[in-house]
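Visitor: This is what each chain is made of:
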Amino acid sequence: MEFTLLIPALPLLCFLFLGLAGHKLCPRAAGLVGTLSMALSTALAWATACIYFFATPHAGGYEQIVPMATDWLCFSQRLVISVGVLLDPISVMMLVVITTVSLMVHIYSLGYMEGERGFQRYYAFLSLFSFSMLGLVVAPNIFQMYIFWELVGVSSYLLIGFYYTKPSAVAASKKAFIVTRFADLGFLVGILVLSYYTGTFDLGALTADKGSLVIASTAGASFMGLSVASWAMALIFMGGAGKSAMFPLHIWLPDAMEGPTPVSALIHAATMVVAGVYLVARLFPVYVFAAPDVLQMIGYIGAFTALFAAVIAVTQTDIKRVLAFSTISQIAYMMTALGVSGYGAQEGPGYMASMFHLFTHAFFKALLFLGAGAVIHAVHSNEMAEMGSLRKYMPVTNIVFLIACLAIAGIPPFSGFFSKDEILAAAFEHDKLLFGVLWVVAGLTAFYMFRLYYNIFWGRERQYHHKPHEASWMMLAPLVVLAVLTCVTGFIPFADFVSSDGAPLHTHIEWPIALSGIAVALVGIFAATLLYRRGGDLPDRIAARLGGFYRATSRKFYMDELWMFVTKKIIFRLISTPIAWFDKHVIDGTMDAIGLSAHRSSSAIKGLQSGKVQFYAWIFVVGALVIAIWQLFF
Amino acid sequence: MNILSVFVALPLAMLLVLFLCRTTVQIRTVMVAGASLLLLAAAALVVVFVGERAASDAEMLLVADTVWYAPLNIHYAVGVDGISVLMIVLSAVIVFTGVFSSWNMNREFFLWYCLLSIGVFGFFISLDLFTMFLFYEVALIPMYLLIGVWGTGRKEYSAMKLTLMLMAGSAFLLTGILGIYFTSGGQTMNLVELAGRHIPMMHQYWIFPVTFLGFGVLGALFPFHTWSPDGHASAPTSVSMLHAGVLMKLGGYGCFRVAIYLMPEAAHELSWIFLILTGISVVYGAFSAVVQTDLKYINAYSSVSHCGLVLFAILMLNQTAMTGAVLQMLSHGLMTALFFALIGLIYGRTHTRDIREMGGLMKIMPFASVCYVIAGLASLGLPGLSGFVAEMMVFVGAFAEHDLFHRVLTIVAACSIVITAVYILRTVGKILYGEVFDRHHLGLPDAAWYEKVSAVGLIVCIAALGIWPSAAANIITEGVAPVVKHLTIL
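These protein sequences, in sequence, are chains A and B. Anchor point for the first sequence: position 77 equals 77 in this note's numbering, and the numbering is continuous, going up by one each time. Take any residue in the second sequence, count from 1 to its spot, add 1000: that is its number in this note's numbering.
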């Protein structure tokens, strides 16, 4: 299985090639180079999946394989960063998801980004991102994970700020990087704590045997009432929460929509933003056995975020922002599923459901974003107000978008239904309150997705400057592929492959819960149909009725204002400006004062060295007299 | 001749040959040839050193000793361990790239430049405290003229301030050296011999702080760092490069080699005072950088923060953190030199360093801008570039000290990585991205070939260190080990 190393290595080579020589190539050639290398990676990833799941003998469960690892840097005798490849069900699944979506985005971008300035740079960054993300998921070592974690952060920064002459894009990229950096600080400290106690970075060692290493090595140690293991895992989760946009660290994701739309599809919908979920899943045994309190907290944070983001999504008018909040909400769904999961065969459906949802979500959310990209390409705007009745102009986009909306709303037989049902069932088993929240969110999701759908493809006819046109085949082909995947992935017997302990899980659809889920989704769809299909002014009147609550929601509950307050007011005005003042006036002032005092005192006494002989003689005589008088009288 | 003396002899020869040069071409030829030879010699030194290291486990290798002044037992004693070898390599790289970044300077400038190099190299090869101090002074004095004559802005003020503050530091240092000389028993200045002796605790209590402070001033230790922003802002490009890239490392190296190595007991007992100061440096420098508007000030405060981390890590007194400290010295030296080279390039064209008066340079000078982004990413610790490895090594090492005091300080210092991101991205966003701010900037040329040599050379080193850190880390570890052993015997 050594060839798996090539899966991340190919995009890296492609990045280096395009980064160094890209400007010498014509744009189309650069795009093709990027796409071809990604296609190779995709083929290899699928081959890996086939070999891993079907051709490797496994008795009773899938095991972790480390086909290759090499020591990269030794911190001390015990703490070694070994870089390599780790294969287990979830990393193989992630390989497939990332390469497939990335390939689709590569192909789509050939059409979408055509004629853009910096086309080569775009493909170089896409390759860099793919490399980093693939390196992240195959990491056998938590420090390797952190390394690639930072690298995806930077690729995301570069891609969000791709249109670097646009101030809003620059600001958004900065915000995304700094917010996630702040979260990564928690991740780093968490790693430091964990590795200090356990003496290893190796994920296999950390998670082996129900996390017994962590439990044994941190036994008895506690800080401020929480056990050290809980602290470490909570801090590590902070990193995951930053990347996966959990409340209150979600603020960067909606702004990240300033990047090109295919980038949003790849990074901010399908792959990078689920890294946090993946991180928790990767360390799952440690969470379950060593820090169950943190896992429970993750469940509640997830549920709150899911609801919070879904409510905001209802009021947004920028189609990409609706999708962004929908992404936050869906990722929170996955987090909640992890939070309600236990370990092993019967307690662990939540884990499987979470990974399943991650898998299906990646395809239909990428489809939604790419579809939205086709729409934006056609009407040159992100605003719902400037769209309507596009079904007449863009029939194919209309159909694939509808499929994706049905999938995310949880209508069978599309993929979202199956994974969402598993999550709801797992939540129902574990915690009725969380189930209730998720159930409401399912309804809201159906509502806002169909609000979006009707506003774009139905509703009022608009006056378009240019007649909107269907996207080119290069953009449509990936849409169709993803639509097909959205239709079929739900039927994959996912529980046979992925489970918290590697052993196949026996699940079946819980019809009462599934039906209740479908019912609430249908209510949402029905409400949206009523309100938005014809495009009347009823929605506006309802909004006016809601008054303050609506305003607060459409302003995203003022979280952006809070962020501005923290950065502008606190970091700039309250900390940095006083420190700079202090440095200039107090510290440097003291140094200047010392210099000045030397200067002053020297000018005060330099008169003594005047060179006037009479003055010297006078001093001499006076001095002699003083001494003489002293000698005589005292 | 010992291979180490080449590093002093070569700049000296360059200096002498420069006297004979008349035309610009001749001057450039001499400088480029000399600097390339230095680089080659440094590469050769690494090879020789690794070979010798495999054969011998003596603390210092390639040792040579000549009596210089017998009555006071002063020797010209040279020798290197892993740390000084890498410091020499760093200096050679920066001297080399500095030549290309000061392409249009005149002969007198390069004369002082060579003298400065002699001082720097001499310092790193010295094993004798006296010659070490001598070379230290040789490195400091030319700075006054280089800034005072060829600088910009308030150059006389800055040059004077820098020189006086550093001189005050060396006054402390001299006191410390004399203290070591007289209290260690035998009349010797040789570092290795001194390490074998024991300085009485009573004396260690005052000598340790005095020497640490003396070197610390050069390492921009809070609150003695204020020479750095003004000095860097006024200095010409290559002087800034050499100063921030190498000279500030003399401080860290000295603290390690003299203060901690010779006075381990005092280091253990008094390190907390300096840990607090360096902890402040790290965070304070970062916050100060956030609101600066002059590119050089931003970078100078960033240096305060990064060099603070060097001293911080040294004071953790354990193997991992100290290795991290040396890596951080290398990393900071390279990336700050790159920063200053690029700032010089930008300033030379736009005639401003104020970030409020620039914008959209990415469109005008793509090459320089991409390099600036890379420097920025290295500075904020992007994996694959040098800064990340160094910082992680420092934090992992520092976290191994398990009492609450060290832990809290480590976490506080780790917060600087977020603040670093804030000021780096703010600068990059303001000057490189956005629309072109000043129409007069539109026709400005991108980097010339010699500036490209300088930038690409540094980037290659930064990336090499970031991608293959274990090469450097293994050499450093062996250099740090004897010092740590010395510390743990207690």
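By construction, these hints were calculated from the structure, which means they are not laboratory data. Note that this is a predicted model, so its numbers are computed, not measured. Beta carbons are placed, not taken as given, at the ideal position from N, Cα and C, and that holds for glycine. Check each hint, because a few of them may be wrong.
Beyond 12 angstroms from chain B on every Cβ pair, some chain A residues (computed) [unchecked claim]:
(1) Phe-3
(2) Arg-121
(3) Phe-633
Computed from the model, here is a short list of chain A residues facing chain B with C-beta under 7 angstroms [said to hold, decoys possible]:
(4) Glu-63
(5) Thr-70
(6) Leu-73
(7) Gln-77
(8) Arg-181
(9) Leu-185
(10) Ile-579
(11) Ala-580
(12) Trp-581
(13) Asp-588
Below, simulated DSSO-like cross-link-like pairs (lysine-lysine); rule was C-alpha separation at most 30 angstroms, straight line [stated by the list, open to error]:
(14) B:Lys-1363 / A:Lys-584
(15) A:Lys-166 / A:Lys-569
(16) B:Lys-1155 / A:Lys-24
(17) B:Lys-1363 / A:Lys-166
(18) A:Lys-166 / A:Lys-568
Visitor: All hints, please: hold or fail.
Guide: Hints, one by one, checked against the model:
For A:Phe-3, the shortest C-beta to C-beta distance to chain B comes to about 22 angstroms, beyond the 12 angstroms cut-off, and the non-interface label holds. Once the 12 angstroms rule is applied to beta carbons, A:Arg-121 is inconsistent with being away from chain B; the minimum gap is 9 angstroms. Chain B leaves A:Phe-633 outside its interface by the beta-carbon criterion, the shortest separation being 43 angstroms against a cut-off of 12 angstroms. A hinted interface residue such as A:Glu-63 counts as satisfied when its beta carbon comes closer than 7 angstroms to some beta carbon of chain B; here the least separation is about 29 angstroms, so the hint is violated.
Hint on A:Thr-70 is violated. Least Cβ distance to chain B is approximately 10 angstroms, over the 7 angstroms limit. Evaluation of the A:Leu-73 hint against chain B yields a held restraint, the C-beta minimum of about 5 angstroms falling below 7 angstroms. Annotation: A:Gln-77 was flagged as interfacial toward chain B, and the flag is violated, the nearest CB pair being 9 angstroms apart, outside 7 angstroms. Interface hint at A:Arg-181: satisfied, since its Cβ lies 5 angstroms from the closest Cβ of chain B, which is below the 7 angstroms cut-off.
Contact between A:Leu-185 and chain B, as hinted, is supported at the beta carbon level, the nearest pair being about 6 angstroms apart and thus within 7 angstroms. Proximity of A:Ile-579 to chain B holds as hinted, the smallest CB-CB distance being about 5 angstroms (cut-off 7 angstroms). The restraint placing A:Ala-580 at the interface with chain B holds, with a minimum CB-CB distance near 5 angstroms, inside the 7 angstroms limit. Annotation: A:Trp-581 was flagged as interfacial toward chain B, and the flag is violated, the nearest CB pair being 9 angstroms apart, outside 7 angstroms.
Interface hint at A:Asp-588: satisfied, since its Cβ lies 4 angstroms from the closest Cβ of chain B, which is below the 7 angstroms cut-off. Taken as a hint, the B:Lys-1363 and A:Lys-584 pair is broken in the structure, with Cα atoms around 35 angstroms apart against an allowance of 30 angstroms. The straight-line distance between the Cα atoms of A:Lys-166 and A:Lys-569 is roughly 24 angstroms, inside the 30 angstroms bound, and the hint therefore holds. This hinted pair does not check out: B:Lys-1155 and A:Lys-24 have alpha carbons roughly 43 angstroms apart, beyond 30 angstroms.
Straight-line distance between C-alpha atoms of B:Lys-1363 and A:Lys-166 comes to about 13 angstroms, which keeps the hinted pair within the 30 angstroms bound. Restraint check: the Cα-Cα separation between A:Lys-166 and A:Lys-568 comes to about 21 angstroms, which is no more than 30 angstroms; the hinted pair holds.
In this structure, the earlier hints numbered 2, 4, 5, 7, 12, 14, 16 are contradicted, and the remaining ones agree with it.
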